[in-house]
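Undergrad: Just so you know, the protein sequences line up as chains P and Y, in that order. Under the numbering used here, residues 1 to 249 are what the first sequence spells out, in order. Under the numbering used here, residues 1 to 266 are what the second sequence spells out, in order.
No wet-lab data here; the hints were simulated from the structure. For clarity, every value in this text was computed on a predicted model and none was experimentally measured. Glycine is no exception: its CB is placed at the ideal position from the N, C-alpha and C atoms. Just to be clear, a hint being listed does not mean it is correct.
Chain Y regions said to be covered by chain P (calculated; three or more residues, Cβ under 8 Å) [to be verified]:
1. 146 to 153
2. 156 to 169
3. 254 to 266
If you only want the chain Y side, here are some residues facing chain P, beta carbon under 10 Å, derived [claimed, not checked]:
4. ARG83
5. LEU218
6. LEU220
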Amino acid sequence: MTPGAPLVAVDGLDAGYSPERAAITGLSFAIPAGRTVAILGPNGGGKTTLFRALLGEAPHRTGTVELGGTIAYVPQTERSRLDFPVSALDVVLMGTYARVPWYRPLGRAERETAGAALGRVGLEGEAGTRFGELSGGQRQRVLIARALAQQSKVMLLDEPLSGVDRPSGERILAVLDELRDEGLAILVSTHDIEQARGFDLVLCINREGIAFGPPAEALSADVLQRTYGGELIVLPDGERAVVVQHHHH
Amino acid sequence: MLDAFQLPFMQRAAFEIVLLAPLAGVLGTQIVLRHLAFFTHGVGAAAFPGLVLAGPAGIPPALAALGAGGAFTLGVERLGRRRGVGLDAATALALVLALAAGIVLASDVYESGSEVDQLLFGSLLAVGGGDLAATGVALALGLLAAAYARRAWLAGGFDPVGGAALGLRIRAADWLLVAAIAVAVVVALDAVGALLVSAVLVIPAATVRPFAANVSRLALGATALALIEGLAGLVLAYELDAPPGATIAVLGGVLFGLALLVRRFR
Numbered sequence: 001m002t003p004g005a006p007l008v009a010v011d012g013l014d015a016g017y018s019p020e021r022a023a024i025t026g027l028s029f030a031i032p033a034g035r036t037v038a039i040l041g042p043n044g045g046g047k048t049t050l051f052r053a054l055l056g057e058a059p060h061r062t063g064t065v066e067l068g069g070t071i072a073y074v075p076q077t078e079r080s081r082l083d084f085p086v087s088a089l090d091v092v093l094m095g096t097y098a099r100v101p102w103y104r105p106l107g108r109a110e111r112e113t114a115g116a117a118l119g120r121v122g123l124e125g126e127a128g129t130r131f132g133e134l135s136g137g138q139r140q141r142v143l144i145a146r147a148l149a150q151q152s153k154v155m156l157l158d159e160p161l162s163g164v165d166r167p168s169g170e171r172i173l174a175v176l177d178e179l180r181d182e183g184l185a186i187l188v189s190t191h192d193i194e195q196a197r198g199f200d201l202v203l204c205i206n207r208e209g210i211a212f213g214p215p216a217e218a219l220s221a222d223v224l225q226r227t228y229g230g231e232l233i234v235l236p237d238g239e240r241a242v243v244v245q246h247h248h249h
Numbered sequence: 001m002l003d004a005f006q007l008p009f010m011q012r013a014a015f016e017i018v019l020l021a022p023l024a025g026v027l028g029t030q031i032v033l034r035h036l037a038f039f040t041h042g043v044g045a046a047a048f049p050g051l052v053l054a055g056p057a058g059i060p061p062a063l064a065a066l067g068a069g070g071a072f073t074l075g076v077e078r079l080g081r082r083r084g085v086g087l088d089a090a091t092a093l094a095l096v097l098a099l100a101a102g103i104v105l106a107s108d109v110y111e112s113g114s115e116v117d118q119l120l121f122g123s124l125l126a127v128g129g130g131d132l133a134a135t136g137v138a139l140a141l142g143l144l145a146a147a148y149a150r151r152a153w154l155a156g157g158f159d160p161v162g163g164a165a166l167g168l169r170i171r172a173a174d175w176l177l178v179a180a181i182a183v184a185v186v187v188a189l190d191a192v193g194a195l196l197v198s199a200v201l202v203i204p205a206a207t208v209r210p211f212a213a214n215v216s217r218l219a220l221g222a223t224a225l226a227l228i229e230g231l232a233g234l235v236l237a238y239e240l241d242a243p244p245g246a247t248i249a250v251l252g253g254v255l256f257g258l259a260l261l262v263r264r265f266r
């Protein structure tokens with residue numbers, strides 16, 4: 001990609017399990033380097049499918065996805081196995097695996113990268129703690145450190161702030177801002193409209209792109225209504241809106 | 001007691017256990033961490049009809065067992081992916097069908113029932129040079145697969161969703177694991193038979209698991225325990241004139257119970 005080109009360029013994307021069951025259709029957007037992006041949408045609106053398409057894992061995909069660098073992914077912490085005998089440092093080291101050939105043991109360079117990543121999320125003191133014994137917020141920070149250790153230009157985070165304690169949440173947001181300042185593109189899926197206002201850009205999707213732009217433009221009442229439909233409740237002050245979540249798991 | 005090991009058949013049996021122990025350690029660790037114990041048991045059961053057919057059909061038993069185990073694996077994978085079936089129900093179904101098919105076949109193929117006993121519960125004292133060579137090859141392949149895929153096994157087992165995004169070939173590594181387990185099951189059949197493969201491949205790792213701080217220690221501990229249980233079971237069976245495969249399984253069960261008690265009162 002040429003300098004100044006977007007780090008993530010999606011054009012006319014259709015993706016899902018099959019062409020008949022596309023979870024998103026006709027989605028286009030471009031994200032330059034050094035931006036944080038909140039991705040808003042209802043459950044089943046295509047946020048997960050979009051992430052899978054960006055990671056090259058969607059079973060069906062048409063349209064183009066261009067990335068200006070490697071991509072790191074931070075899953076929700078409930079998806080990981082808490083009973084695995086791995087320490088926080090072991091988990092962060094996984095971020096370096098792809099760089100080390102199978103016949104070479106992990107070396108000092110990998111350990112330093114992983115240690116620095118743990119320090120960045122404020123968990124250098126927990127390196128030896130078993131992953132399953134950490135709090136939910138600490139686990140989320142360890143998974144972010146693992147993504148840091150991948151040294152990617154693009155980072156996707158799947159609802160990193162849901163169910164996370166307040167200190168962890170603040171630390172996570174601070175780290176994301178730092179990474180943005182270092183030129184990464186940060187994509188965060190969230191349910192929290194108020195939180196989305198703190199990001200540089202907002203992408204609203206509901207099976208198709210509803211709006212994409214700075215929060216002041218993208219988060220209009222009309223856009224939110226079209227994004228969430230019946231799940232949206234506008235509070236009496238007329239300014240704030242909340243989403244009533246219906247879980248279909 | 002050690003006089004028993006002067007006997008050539010006891011030496012061969014002990015050597016078989018020495019070869020199986022590292023497989024039990026390395027693959028048993030993955031089996032226990034990835035919840036593949038029931039699947040492993042199923043591959044063993046699936047090998048039974050293959051073994052029944054092998055003799056009269058003139059096919060090498062290990063090859064027939066591997067074929068049956070492979071068919072079982074693919075069948076379970078296909079069936080388990082269907083909506084409303086689930087992997088455990090698919091495994092149970094295929095396991096029962098394989099055992100039943102083996103028994104029906106054996107009633108016609110064999111005159112006496114003693115052979116069926118050996119296929120189901122092993123014949124460690126009758127292990128020959130060819131069996132030892134096959135176990136040695138399986139050990140080499142298993143260790144090579146583990147060395148090659150250890151990081152993908154760890155990352156994919158810990159977090160299948162995020163693991164693939166780490167740039168690792170998680171799915172290919174998973175298939176390699178399943179194949180390595182199938183091969184290990186087949187070479188363990190001589191020692192403990194189709195119904196008791198879990199005694200070698202699951203119980204030692206399951207016993208050590210609560211005490212292991214990380215995956216390498218779990219693998220090392222399970223290897224050591226498989227070796228101890230195997231050799232002690234062999235000696236015990238010799239002294240008591242009991243079937244060795246079943247003796248090893250009972251010993252494994254007793255030590256598992258003791259480990260639970262130790263953990264409780266620690």
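Undergrad: Holds or violated: Y/ARG83 as interface residue toward chain P, Cβ cutoff 10 Å?
TA: Status violated, d = 12 Å.
Undergrad: Was the hint right that Y/LEU220 lines chain P, CB cutoff 10 Å?
TA: Check failed: Cβ of Y/LEU220 comes no nearer than 13 Å to chain P, outside 10 Å.
Undergrad: Apply the coverage criterion to the region 254 to 266 of chain Y and chain P: a residue qualifies when its Cβ sits closer than 8 Å to a Cβ of the chain, and three qualifying residues are needed.
TA: Result for this restraint: violated, n = 0.
Undergrad: Has the region 156 to 169 of chain Y got at least three residues whose CB is nearer than 8 Å to a CB belonging to chain P?
TA: holds (count 12)
Undergrad: Would the hint on Y/LEU218 stand, with a C-beta cut-off of 10 Å toward chain P?
TA: Given a least distance of 6 Å, the restraint on Y/LEU218 holds.
Undergrad: Closer than 8 Å Cβ to Cβ for three or more residues is the test here. Does the region 146 to 153 of chain Y pass it with chain P?
TA: Three-residue rule met by the region 146 to 153 of chain Y, so holds; n is 6.
Of the numbered hints stated above, those contradicted by the structure are hints 3, 4, 6, listed in ascending order.
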